[in-house]
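Novice: Each chain, letter by letter, is given below.
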Amino acid sequence: MLQHTKEHLATIEGVGVYPIFSLLLFTGFFIGLVWWVLQFKKSNIKKLKNIPFDD
Amino acid sequence: MELERYYYDNKIVKNFLYATIVWGVVGMLVGLLLATMFLFPNLTYGIEWLSFGRLRPLHTNAVIFAFIGNALFGGVYYSLQRLLKARLYSDILSKINFWGWQLIIVAAAITLPLGITSSKEYAELEWPIDIAIAVVWVAFGINMIGTILRRRVRSLYVAIWFYIATFVTVAVLHIFNSLAFPVSWLKSYSVYAGVQDALVQWWYGHNAVAFFLTTPFLGLMYYFVPKAAERPIYSYRLSIVHFWSLIFIYIWAGPHHLLYSALPGWAQSLGVAFSVMLIAPSWGGMINGLLTLRGVWDKVVSDPVLKFMVVAITGYGMATLEGPLMSLKNINAIAHFSDWVIGHVHIGGLAWNGFLTFAMLYWLIPRLVKTTIYSVKLANVHFWVGTLGIVLYAIPMYVSGFTQAAMWKQFNPDGTLVYGNFLETVTQIIPMYWMRAIGGTLYLVGALIMGYNLYKTIRNGQRVEDEEATAMPLQKVSSKRVAGEKYHPWLERRPVRLTILATLVILIGGVVQIIPTLMVKSNIPTISSVNPYTPLELEGRDIYIREGCVSCHSQMIRPFRSEVVRYGPYSRAGEFVYDHPFLWGSKRTGPDLLRLGGKYADSWHLNHMYDPQSTSPGSIMPAYPWLLFNALDTERTLKKMEVMVDLGVPYSEDDISNGLATLDKQAQEIAARLLEDPQFADAYNKEERNTEFVPLKDREIVALIAYMQRLGTDLSNALEPEKTEE
Chain A
279 MLQHTKEHLA TIEGVGVYPI FSLLLFTGFF IGLVWWVLQF KKSNIKKLKN
329 IPFDD
Chain B
1485 MELERYYYDN KIVKNFLYAT IVWGVVGMLV GLLLATMFLF PNLTYGIEWL
1535 SFGRLRPLHT NAVIFAFIGN ALFGGVYYSL QRLLKARLYS DILSKINFWG
1585 WQLIIVAAAI TLPLGITSSK EYAELEWPID IAIAVVWVAF GINMIGTILR
1635 RRVRSLYVAI WFYIATFVTV AVLHIFNSLA FPVSWLKSYS VYAGVQDALV
1685 QWWYGHNAVA FFLTTPFLGL MYYFVPKAAE RPIYSYRLSI VHFWSLIFIY
1735 IWAGPHHLLY SALPGWAQSL GVAFSVMLIA PSWGGMINGL LTLRGVWDKV
1785 VSDPVLKFMV VAITGYGMAT LEGPLMSLKN INAIAHFSDW VIGHVHIGGL
1835 AWNGFLTFAM LYWLIPRLVK TTIYSVKLAN VHFWVGTLGI VLYAIPMYVS
1885 GFTQAAMWKQ FNPDGTLVYG NFLETVTQII PMYWMRAIGG TLYLVGALIM
1935 GYNLYKTIRN GQRVEDEEAT AMPLQKVSSK RVAGEKYHPW LERRPVRLTI
1985 LATLVILIGG VVQIIPTLMV KSNIPTISSV NPYTPLELEG RDIYIREGCV
2035 SCHSQMIRPF RSEVVRYGPY SRAGEFVYDH PFLWGSKRTG PDLLRLGGKY
2085 ADSWHLNHMY DPQSTSPGSI MPAYPWLLFN ALDTERTLKK MEVMVDLGVP
2135 YSEDDISNGL ATLDKQAQEI AARLLEDPQF ADAYNKEERN TEFVPLKDRE
2185 IVALIAYMQR LGTDLSNALE PEKTEE
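Protein chains in written order, with our numbering: chain A, 279 to 333; chain B, 1485 to 2210.
Calculated directly from the structure, the hints in this document are not laboratory data.
Careful: at least some of the hints might be erroneous.
[What the hints assert, rightly or not] Just some of the chain B residues that point at chain A, by a computed CB distance under 7 Å:
1. Arg1566
2. Leu1567
3. Tyr1641
4. Pro1710
5. Lys1711
6. Pro1716
7. Ile1717
8. Tyr1720
9. Val1725
10. Asn2142
11. Leu2144
[Claimed, not checked] Straight-line C-alpha distance at most 30 Å; calculated DSSO-like pairs for lysine-lysine:
12. B:Lys1711 - A:Lys324
13. B:Lys1960 - A:Lys319
14. B:Lys1783 - A:Lys324
15. B:Lys1964 - A:Lys325
16. B:Lys2071 - A:Lys319
17. B:Lys2083 - B:Lys2149
18. A:Lys325 - B:Lys1783
19. A:Lys320 - B:Lys1960
20. B:Lys1579 - A:Lys320
21. B:Lys1579 - B:Lys1854
22. A:Lys320 - B:Lys1711
23. B:Lys1711 - A:Lys325
24. B:Lys1854 - A:Lys325
25. B:Lys1893 - B:Lys1783
26. B:Lys1854 - B:Lys1498
27. B:Lys1495 - B:Lys1711
28. B:Lys1964 - A:Lys319
29. B:Lys1783 - A:Lys320
[As the list claims (entries may be wrong)] Computed spacing ranges between beta-carbons, pair by pair:
30. A:Leu303 - B:Asp2095: 56 to 66 Å
31. B:Ala1618 - A:Lys325: 30 to 40 Å
32. A:Trp314 - B:Gly1904: 57 to 67 Å
33. A:Ile298 - B:Val2129: 35 to 45 Å
34. B:Val2129 - A:Leu316: 51 to 61 Å
35. A:Leu302 - B:Lys1813: 16 to 26 Å
36. A:Ile298 - B:Glu1952: 14 to 24 Å
Source: prediction; values computed, not measured.
A virtual CB, placed ideally from N, CA and C, is assigned to each residue, including glycine.
Looking at chain A on its own, in the form it has when it is part of the complex (with noise of 0.2 Å):
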């Protein structure tokens, strides 16, 4: 499908950029996050997970 825009996006000036900066980008934000996740407590998870049982 859309065979027909191939050329045409690719006319955009520096197209390429996009999918390598996107890549770089997830990259980047997905070892932030784990490195992130993996910063929390022990005690403040287990309060986290149980937050729908305190009703």
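Starting from the structure of chain A, add chain B where the hints point.
Specialist: Same frame as chain A, now just chain B:
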């Protein structure tokens, strides 16, 4: 500090849950009727508003927005109050949310069968209803965020983040995709044309699945699965990673709808890579849900609620593995336009959304009416009948998808198609359509059993009343991070900040997808032979839209040898510049129509619309006899042309002032050609010339034939030899 007393609003939850059951049955019934029409195409012969093309959007809208939508609101409102220890922010907003949503559903149920449609998939409703949807959705959002701001629990549980992402993203998607210029109260044209319209539509379509059918239900999973299993979620850390990476990646995966298209090859591949990456957070979530049941598998055996949940989460896992696979180019070449897509969406719809909704209903309703379920046995029967229904639905769709796609591509040694007649590939898979209809029936029977079981439960129970609760008010803490506080715990107590951050995360992907989209317009090369539609063709195109022809016929020839040989030169971007809206379609129940123009005589089209089986024996296309008798409404033809001018279509002032004369002249020519067929002329001359008599040239069929004969003809035959990929 004193304990505060407050009441959970259970009545609004009840309303939404009851509406879920009612609309669920309605939506499934329409689905079953459609499935049956594959077997008996003229089941509703002659009844315009029960024709396939008009009912198909009614089915999709009913199950997505009425069944799943009501379940979403009910589940969110129940869990939100308890997770935040607060009554919903405003009773009035809750009521606007409920009654407004039901009104929208009723409006959809009336307008779609009447053929009032924008034709954009899952966004078919016309502009006044679109505005109503936006208003009600914002009421829902204010109600949710207001409740969050009044909470008595410091941290926001992960389910609530999913709810917030749902609200924000659906609002963005709905508004951008629905932008249109009105012709009248019930007719509008998309502001985007052709390629651009397609890109925006599939950015919407892809992400509507993500943020209407997935994120809210993941939120519900994170609340109701632990509640039903009576143990906390397996890994809270994993749920945080799940949330942020899912909302981040999902929006990016849109380019998998651009395969064989748009971006440079390696950029396309990266679009695919993002879709493949999506497996990670999706399966992270699935595993998190399933592992929550560790140690209680014995309960799964006896508790129907948990059974439904297990199949729902497994269905989520299956659909989210299948989706990325289908985005691989080589697989997409087979899956796209075939029944495989239908199988895929029904694994998601029937198993993930449907079964999670059933689980929620079985868990919630007895609690709301303070009793136990009327019959656990019946709930178990529902579970097995429903599961069998899913299996019998999905497997035939996979088989028919593979079979038909393979038949489409099969060549003889001499280079001709083995199945040159499209119909041969349809009659081959009829047994699969039978099995699908049986599967769908079982699923519906299950839902009816549930309806009975829950009705009896409600009858045995007490009136639903608002539930009293007490909690300590939240102590004021600095809006800054306090000493030793990590970032996420701080963020979790700053809901507005969290909302903004979530919005940013979804916008990044959205912007990267949308910017090239907007730039496409200036980059589409004009094809000098492509001209705007004549007034008659424009009216014919609107009949094509009204009758929902796009449900079964694509107008998009991919650059495959098999498609070029079958249909003609593959589609070019420049061909669609005047198509407001685009009509590429997503499913080929019948053949592609892009190069239909000039392929058959006018009288063939007339006979085919009147009695498809007479021109194409064994065809499963329904008849459209009313088109042969209805008078064409030309009251708004000129207005339509004016709106098109506003959208950039180059009609001159003369074109518009002479519009009706041009229309009449073209209609007379077609009518004259039709009357050359002696058999038809004989029947026509026998029609009684009373006050209701409409001359042939003024009938809808003439406009439709004008449009169909125009299709694809602008691209001259002087095209270079085709380069194709197989």
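Novice: Take the hints in turn and mark each one as holding or not.
Specialist: Now the hints, each set against the structure:
1. At about 4 Å, the closest approach between the beta carbon of Arg1566 (chain B) and any beta carbon in chain A falls short of 7 Å, and the interface hint on this residue holds.
2. This hint holds: Leu1567 (chain B) has a C-beta 6 Å from the nearest C-beta of chain A, less than the 7 Å allowed.
3. Taking 7 Å as the C-beta contact cut-off toward chain A, the hint placing Tyr1641 (chain B) at the interface holds, the least distance being around 4 Å.
4. At about 5 Å, the closest approach between the beta carbon of Pro1710 (chain B) and any beta carbon in chain A falls short of 7 Å, and the interface hint on this residue holds.
5. Restraint check, Lys1711 (chain B) versus chain A: the minimum CB separation of about 6 Å is within 7 Å; hint holds.
6. At its closest, the beta carbon of Pro1716 (chain B) sits 4 Å from a beta carbon of chain A; the interface hint therefore holds under the 7 Å criterion.
7. With its C-beta approaching chain A no nearer than about 5 Å, Ile1717 (chain B) sits inside the 7 Å limit, and its interface hint holds.
8. Contact between Tyr1720 (chain B) and chain A, as hinted, is supported at the beta carbon level, the nearest pair being about 4 Å apart and thus within 7 Å.
9. For Val1725 (chain B), the interface hint holds, the least distance from its beta-carbon to any beta-carbon of chain A being 6 Å, beneath 7 Å.
10. At about 33 Å, the closest approach between the beta carbon of Asn2142 (chain B) and any beta carbon in chain A exceeds 7 Å, and the interface hint on this residue is violated.
11. Hint on Leu2144 (chain B) is violated. Least Cβ distance to chain A is approximately 35 Å, over the 7 Å limit.
12. The suggested pairing of Lys1711 (chain B) with Lys324 (chain A) holds, with an alpha-carbon distance near 16 Å, which does not exceed 30 Å.
13. Note on Lys1960 (chain B) and Lys319 (chain A): the hinted pairing holds, with a Cα-Cα distance of about 23 Å set against a maximum of 30 Å.
14. At most 30 Å may separate the alpha-carbon atoms for a hinted pair to count; Lys1783 (chain B) and Lys324 (chain A) meet this at roughly 24 Å.
15. With a C-alpha separation of about 21 Å, the suggested pair Lys1964 (chain B) and Lys325 (chain A) falls inside the 30 Å cut-off, and the hint holds.
16. Under the criterion of a C-alpha separation no larger than 30 Å, the hint pairing Lys2071 (chain B) with Lys319 (chain A) is inconsistent with the structure, at around 51 Å.
17. A C-alpha spacing of about 22 Å is found between Lys2083 (chain B) and Lys2149 (chain B), which places the hinted pair at or below 30 Å, so the restraint holds.
18. For the hint pairing Lys325 (chain A) with Lys1783 (chain B), the CA-to-CA distance comes to about 25 Å; that is within 30 Å, so the pair holds.
19. Of the pairs offered as hints, the one joining Lys320 (chain A) and Lys1960 (chain B) holds, with about 25 Å between alpha carbons and a cut-off of 30 Å not exceeded.
20. Distance check on the hinted pair: Lys1579 (chain B) and Lys320 (chain A) sit about 41 Å apart at the alpha-carbon level, beyond 30 Å; violated.
21. Simply put, Lys1579 (chain B) and Lys1854 (chain B) have alpha-carbon atoms about 23 Å apart, close enough for the 30 Å limit, and the pair holds.
22. For the hint pairing Lys320 (chain A) with Lys1711 (chain B), the CA-to-CA distance comes to about 21 Å; that is within 30 Å, so the pair holds.
23. Taken as a hint, the Lys1711 (chain B) and Lys325 (chain A) pair is honoured in the structure, with Cα atoms around 16 Å apart against an allowance of 30 Å.
24. About 29 Å separates the Cα atoms of Lys1854 (chain B) and Lys325 (chain A), which keeps this hinted pair within 30 Å; it holds.
25. Distance restraint check for Lys1893 (chain B) and Lys1783 (chain B): the Cα-Cα separation of roughly 49 Å exceeds the 30 Å cut-off, and the hinted pair is therefore not satisfied.
26. Using a Cα cut-off of 30 Å, the hinted pair Lys1854 (chain B) and Lys1498 (chain B) holds, with the two alpha carbons roughly 13 Å apart.
27. Note on Lys1495 (chain B) and Lys1711 (chain B): the hinted pairing holds, with a Cα-Cα distance of about 20 Å set against a maximum of 30 Å.
28. For the hint pairing Lys1964 (chain B) with Lys319 (chain A), the CA-to-CA distance comes to about 20 Å; that is within 30 Å, so the pair holds.
29. Of the supplied pair hints, the one linking Lys1783 (chain B) and Lys320 (chain A) holds, its CA atoms being roughly 28 Å apart against a limit of 30 Å.
30. Here the CB-CB span from Leu303 (chain A) to Asp2095 (chain B) is close to 57 Å, well matched to the stated 56 to 66 Å.
31. Against the hinted window of 30 to 40 Å, the Cβ-Cβ separation of Ala1618 (chain B) and Lys325 (chain A) comes to about 38 Å, which satisfies the hint.
32. For Trp314 (chain A) paired with Gly1904 (chain B), a C-beta distance near 59 Å keeps the hint of 57 to 67 Å intact.
33. Between Ile298 (chain A) and Val2129 (chain B) the beta carbon distance is about 41 Å. The supplied range of 35 to 45 Å therefore holds.
34. Judged by the Cβ atoms, the range 51 to 61 Å given for Val2129 (chain B) and Leu316 (chain A) holds: they are separated by roughly 59 Å.
35. Checked against the given bound of 16 to 26 Å, the beta carbons of Leu302 (chain A) and Lys1813 (chain B), roughly 24 Å apart, stay inside it.
36. The beta-carbon spacing between Ile298 (chain A) and Glu1952 (chain B), approximately 57 Å, falls outside the hinted interval of 14 to 24 Å.
The earlier numbered hints that this structure contradicts are 10, 11, 16, 20, 25, 36.
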